[in-house]
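Q: Chain by chain, the residues run as shown.
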Amino acid sequence: MPPTLQRPFRTIIFDWDGTAVVDRSEDATPLARLIEDLTEAGVWCVVVTGTNFHNIDLQLCRHLRPSRRRRLFVCANRGSEVYGFEARGRSVVRWQRQATPEEDAALTAAAERVRDYARQHSDLEVRVIYDRLNRRKIDLIPVPEWADPPKSRIGDLLVAVEGRLRGGGIEGGLREMFDVTRRAATEVGLLDARITSDVKHIEVGLTDKGDSIDWINRNLLAAEGIGLSDVLVGGDEFGPIAGFPGSDDLLRERSPGAVHISVGAEPDGVPEGVIHLGGGPRRFRDVLREQVRLHSGGGSAAEGDGSHPEALSQDDMGQLLSPTSDPLWRFDEHGYEPTIEHEAESRFALSNGFLGVRASLDVPTAASMPRTYLAGLFEQGAGEYGVPALVPAPDWSGLDLTVDGQALSPDRGEIVVHSRTLDLRRGVLLSSWRHRVPGHTVAVESLRFASLARRTLAGEVVRLSVDAPSTVQIETAIEAHEGLRPHSVGPDVGVWTTASRRAIAVASADTLQADGMRPRPERADGPRRLWRWEARPEVPGVLQRLVSFAWGDAQVAEDTARRALSDASTMGALREHLRAWDERWALSDVGIEGDEEAQRALRFAVYHLSSAADPHSEVTSIGARALTGDGYLGHVFWDLEIFTLPFFTFTWPRAARALLMYRYHTLDGARAKAAALGYRGALYAWESTDTGAETTPKTVVGLDGELVQILSGELEHHVSADIAYAVWQYWQATGDDDFLVSAGVEIVLETASFWASRAKLEGDGRYHIRRVIGPDEYHEGVDDNAYTNAMARWNLRRGLEVADLISRRWPDRWRPLVERLGFSVEELSRWRDVADRMLIPFDEQSKLYEQFAGYFGLEEVDLSQYQDRVVPMDVVLGPENTRRTQVLKQADVVMLLALLDHEVPRDVQRANFDYYEPRCGQGSSLSPAMHALVAARTGRLDLAERFFRETAAIDLGDSMGNAAAGVHIGALGGLWMSTVMGFGGMSLEADGLRFEPRLPASWLGLRFRVQWRGRQVEADLRREPASAEFRLVEGQEMVLRLGEATFSLAPDRPLSLRKDERDGAWKETGR
Amino acid sequence: MTQTATLHKKATGSPIVLVAWDGSPAAARAFPVARAIAEQVHGAVEVLHVCPSSSTEADVRKHLGRQGLDVEHLDLRMEVGDPASGILAAVHDPAVNLVVLATHGRVIEQGRPMGHVAEEIARRTSRPVLLVRPEAVCVHRPLRRLMLPLDGTPSTTRALAPAIALAQRLGAALDVVHVIAPGGRGEAAEVGSMRPPRYADQPHHEWPQWEREFLDRVHACLGDAEGVPSHVYCARGPVADEITRYARKLSADAIVLVRRSRMESGRARTLRAVLDDAPCPVLLLGAAA
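Order-wise, the sequence lines are chains A and W.
The opening position of the first sequence corresponds to residue 1 in the working numbering, with each subsequent residue numbered one higher.
The opening position of the second sequence corresponds to residue 1072 in the working numbering, with each subsequent residue numbered one higher.
Calculated directly from the structure, the hints in this document are not laboratory data.
Just so you know, not all the hints are guaranteed correct.
Partial selection, computed: residues in chain A whose CB lies under 7 Å from chain W [stated by the list, open to error]: (1) Ser807; (2) Trp810; (3) Pro872; (4) Gly923.
FRET-style restraints, in silico, Cβ to Cβ [as the list claims (entries may be wrong)]: (5) A/Ala499 to W/Gln1239: 45 to 53 Å; (6) A/Gly318 to W/Glu1261: 32 to 40 Å; (7) W/Ala1236 to A/Ala499: 49 to 57 Å.
Each residue gets a CB set at the ideal place from its N, CA and C atoms; glycine is no exception.
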C-alpha cells in the first residue's frame, strides 16, 4: 500500500460501478462489512454514482446494519440526489435537484436532437433513454453484445463505439457526438448543461458528480470540521477517455487537497496527483480493509504490526482460545455445578480497577450472577440498612445460543465437556463447552478480558462450532439490572440512570464472522443483536465483542463510552491488554520453588491485586471484595491501607499513590466525622464509599432476627492511624516528595490532630484512649487498646516529624498549610506531650502488652477444645460470653508487632506472639496472614506456613463459604505481605531495604521483585543452604542489609550472599 | 374392598387432602389440619377410614360426628384391610395431593414418637406425608410458615422439592434453618455444600451475604423456588433440639423433614426426636427404604 494511504482518513468518497463493485449483480456483502467497520470506527462513507439510489440500496445499503448506515451518504443520479439515513437506518433524501417541466422538456429535446443528428448523418440506430432524473442518455451502441459492458472492458468498448460511429458515417466518432450534444443543449436553452460520457452513452443533464462533491463539502465536511486532507476519493475513471475527461475527474476537481486513488484500468493514464492502483473493486476493498485496520489502532502496515482481526487463522484463533499450558499460571474449574457457580464467578473474575466482570457463564443459567461493577459507582440507600452500595452496571457478558431451534444451556441437554480457566499469565478468562442436544454436538469456546491497558474496555471472543450443518442463532444484549432506568438506549450506546440520576453508559460493538463472511445481524433491536446463519462443521462462527463503560453525567458518559470504542477493536484491545499484563507480571510476579500449591496461591493473589487497582483514578479505592462481587457493598475498610497497599507500594507505586489520594480526597468526610464526635482533625470512616462519610450502619438484624448494635463505625478509630501509617510507608518506600508535600502531609497532620484530641490526660499522668474497638472486634468499647494507643502514638510522632520536615524543606508550602489547618506551635508541642505520655499497656516482667485494660483478667479459653468448630468463636460462645473471655477475633497485639517491627524488640515480639496466638480464634479473614508474617519474622516457621496456607485457602478453598460474594482482597494482600515481608523478611530502612529470609520447610526458593525509590530490586532467596542473590534491575546504587551486614547493590553488579552457618552472618560468596 | 362415598361433589381437578382416621380421637386431631390446608388450596378433604372388618358408612359418620366433626361436609373413603397398606395406597393415588395422618391412633406407645402405622408409612413411601402429633396441635391455622431445617448439602436440599411446590401452592413462606451440629463438618464434603463462614470479618455484611448465598444455592438445587418468600437462620446445637426450638421460636406451622436413613430401630434419630417434641405438624419427605 503506498505510504500516502497508510494513515486513517475521516471520510471516504467513492464511485460505485467499476470502483466499489464490478457490476450491479456482484454480491456487495464483503464491501458492506468493510463499510460497517469503517462507519463503526467513525469514518464517513460517501457513494457517488450516476445510477439511482434504488440500485445502491439493493446492492449495498440493505446489507448494512441499520445502526451502521448513519455515517453513509449516497449521492445518486449523477449529482441530482443525496440520500442519508436516520437513526433507525431508514433512508432519507437529504437533497434533490428537481428539474422544472421546461428543463425536462429541454433535456428531452436536446437528446432527441442528438438522436436525429445520428440518423441524419449515418445509418446507425442510437437510442434515447428518457427515464433518468434530470438527464437523458443517448445509447451509442444499443446492441445486445454491449448491453451492459463491465468497466473492465472499457478499452474494448471504446474501440467498438468508435468503430461503430465512424463505420456508420460519423467520422468524428465519439468526439463528434459529444460536440453535437453540447450544441444541442445550448440550442434548447440549457446553458449550464452537463455533458458526460461513459463511452457507451452520452448524457445530457442538469447535474454531475461535481455537484455531489459540492454538497458533501458544504454539508458534511464543513459541518464535521473535516479538512479535505482527511478525505480519500476513490474512482476508476479519472484519466481521459477518447480525449474526454474521465467521469470521476469531476470528483478530483471539486476536492482539491484530498487523496485520490484510481482502481480502474485507466488506459490513457491518470491526471497528476491521482494514485493509480488499478486492480478494480478488489483492490479498492484492500484499501478499505487497510483503513479499517488503521482505524482499529493497528498502526501502520509498514511497522509490521499484527493482521486485521478478521484475518486470524483457525490456528491463531485456537492458540488464542487455549489457556497457558503451565499449570502454575492457571486455575481450572471443570464441569458445571450450579451450587458453586457463584464461587467460580468470584474466583475467576476479571477486573482492571475501573470495571470488574464476574466470570459468569457465556450462556448464563438460573444459578448465574453475572455482574459488571464500575469503581466508585455508589448509590445511596442501595445496600442493606439504607447505606450506600456499589450498584452493578448493565450486564453485557451473556449470550443466547440456539442451534436448529434448540436453545443451548448448561442446565439442559447433555454437557460433554465444560471447563473454565483463569489464565493468570494473560489476565483472561477462557471457557470450553461441548454440549450435546438431539442431533448435534456444539462446541463453544470463549475468551473474555477486562482491559488492563484501557480500563473502560472489556471484550470477548467466542468461537462456535457444530458437527453437522445447522442453523445457528446467536444473540447479544446489554441488559440493565433492576433499579436502573433506561435513559437513551440505542444500538451502539445505551445510557441508564440510577435513582439518584447517575448515568451509566455502555457502548458496544459486536461483529460476527461466519462461513467466511460477516453476516449482518438479522435483528438489531436497541442493545440486542441477533445473527442467524447456516453453519457448516468445518467453518466455525467467531463472535467478537467489545464494550466500553462510563458513568457520571448522561451526555458526558455517553460521549466517553462512544469515544472509547471509536478507535478500538476487540483484537486490538486484546493485544494491548496482553502487553499490559506482561508488563505487570514482569514487575510483580512472585516465584516459589518447591511448593506448587503456594506458587499458584501467590499468583492468584498477585493477579487479583493487580486487577483491583486503577492507577489513574484518585477518587476511587478498592472495596473489601474489590470489583469481584457485591460482598461488603463495595465499602472500603482499613484492610486497604494495612493489608493491600503494601503490595502496590512495593510493586506498583503509581497505583499506591492513586489509592492514597482517595484518602486525601475524602479528608473532608473524615474531618466531619471527627467533628461530629467532638474531636479535632480527621477520623476516617470505618466504612468509606465515595465521599468519605461514615457508612457503617448503626443497627442490623442479627442471625436470630434480633436487632444488633454495630459499634465499629462509632468506636473503631485505629483506621485513622492505619491510613497515616500507609502514607508514611509509601513515602519512605518511594521517596515521592511531591505526594508528601501536596497530600500526604495533610493526612498525617490531620490524623495526628485527631489523636491529640482523642487521648485524655488522666490522674495517673498518662494519656488514655478509652472506649474503642481494636482490630479484635469481639471486645467492644475497651479502654487503652494496645494497638490503638501504640498506633496513635506513632501517628503523633510522625505528625511531628513531617511538620519538622516540611517546615524546613518546603517552608513556602508549610506556612499556608498550617494556616489553613489552624495549627499552632502550642498544638504541636501538645502532640509531643500526648505521644510521650500515651499509655501503652505493657508488663515489663512478662514483656507482654496487655491487649486492653483488664484483658489479662478475662477468662481463659482453651481453643484447642474447639478445633472442630465450623463457625467463628463468637458464634460458638455467643457475643456476650465471648466478651468475657480472652478469645480474640484476629491479630491485635500481633498486628502491633507486624506494623511496628522497628519499635518492638524481637524477644518481646516472640513473647507476645506466643501468648496471643493460642488465644486467637482467627475469626477474620485478615488474621491468618498477619500471624504468618509475625510467625515467620519470629522464627515460628511451621506455624507461619500453616497460617500462610490458611490464608491461601480463604478464597481458593472457600473455607469461609463466602467467596461467592467476591474474593477477599485484604487476605490476598496479606498473603503477599506474609511472603515478601514475612518469609522474605523485607522491611524498610532509612537508606535502603533490609531482608531477613526465613523460608518454610517446603520451599526451596523464593523470588520476587520490589521497588524502592526509583529502583527495581530482584531478590532470589534459597533455603538450603541459606543464600540470596540480589540484582538491581533498574536505578542507582542502593544499600541492602541482611542481619548485621550492610551491602551495596549496584547496577550490573548482582550480590550473591550466603549465610554463614557458624555465626549466622550474611557474607558475599567468594569472599 | 374400597368403598367411596361422596356426599359433596368436588370440582374436577380440585386438590384432595386426604386424612387418615382409625376412629380414634387422637387420629381425629389431624382433621382440622387437613381442613385448613384444603381451604388454603381451595381443595377438598377426604377421610380415609381403613379397618380390618367392614363397617357401614352410617356407622363411620356417626362415629365421626361423636368426635365433634362436621360429617355433612366430609367425603369419605372406606376400605377394608390392613390400615398401613390402605393408607399407602392412598398416598400413591395420583388423585390425592397430600395425605395427613396422626402419628398415633388408638394405641399410644410410650417412648415411641410414632405409632406402628405411621412408622410403616414413613418407612415405605417417598411421597410427602404430613404427620400430626396429636398432643401438639392446639391451634389449627393455615400453613403460612414452613420451616425447612437444612444441613447445607445439595442432596438434602434437592429432596425438598415437594415442599417448595407445596409452599408455592399454599402461598407459604419458607424459614430455612441451617442447623450446624457440634463437630458436624463431615457433611460439608459434598460438592456444593454450604458451610457457615468460619471467619466473619464484619458480621453485619457477612451474615446477610451468607444468607443470600444459602438461599441462592437452595434455589439452584430446587430450580423453581423463585417467588417463595424465604429467610435463613443459622442454628447451632444438637440438631433435633434446634429444629424444635426454632419451630417454636419462629411459630412454624409445619416442619419439613427429609428422611435420610431407614426407619429401623435406632435409625432416623433426628426424625424421631423431632416428632417427639415438634410443636407443629411435620411434613416428611424422602426416598423409600
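Q: Take the hints in turn and mark each one as holding or not.
A: Results of checking the hints against the structure:
no., hint, in the structure
1, Ser807, "violated (40 Å)"
2, Trp810, "violated (40 Å)"
3, Pro872, "holds (5 Å)"
4, Gly923, "holds (6 Å)"
5, A/Ala499 to W/Gln1239: 45 to 53 Å, "violated (31 Å)"
6, A/Gly318 to W/Glu1261: 32 to 40 Å, "holds (37 Å)"
7, W/Ala1236 to A/Ala499: 49 to 57 Å, "violated (36 Å)"
Checked against the numbered hints given earlier, the structure breaks hints 1, 2, 5, 7 and satisfies all the rest.
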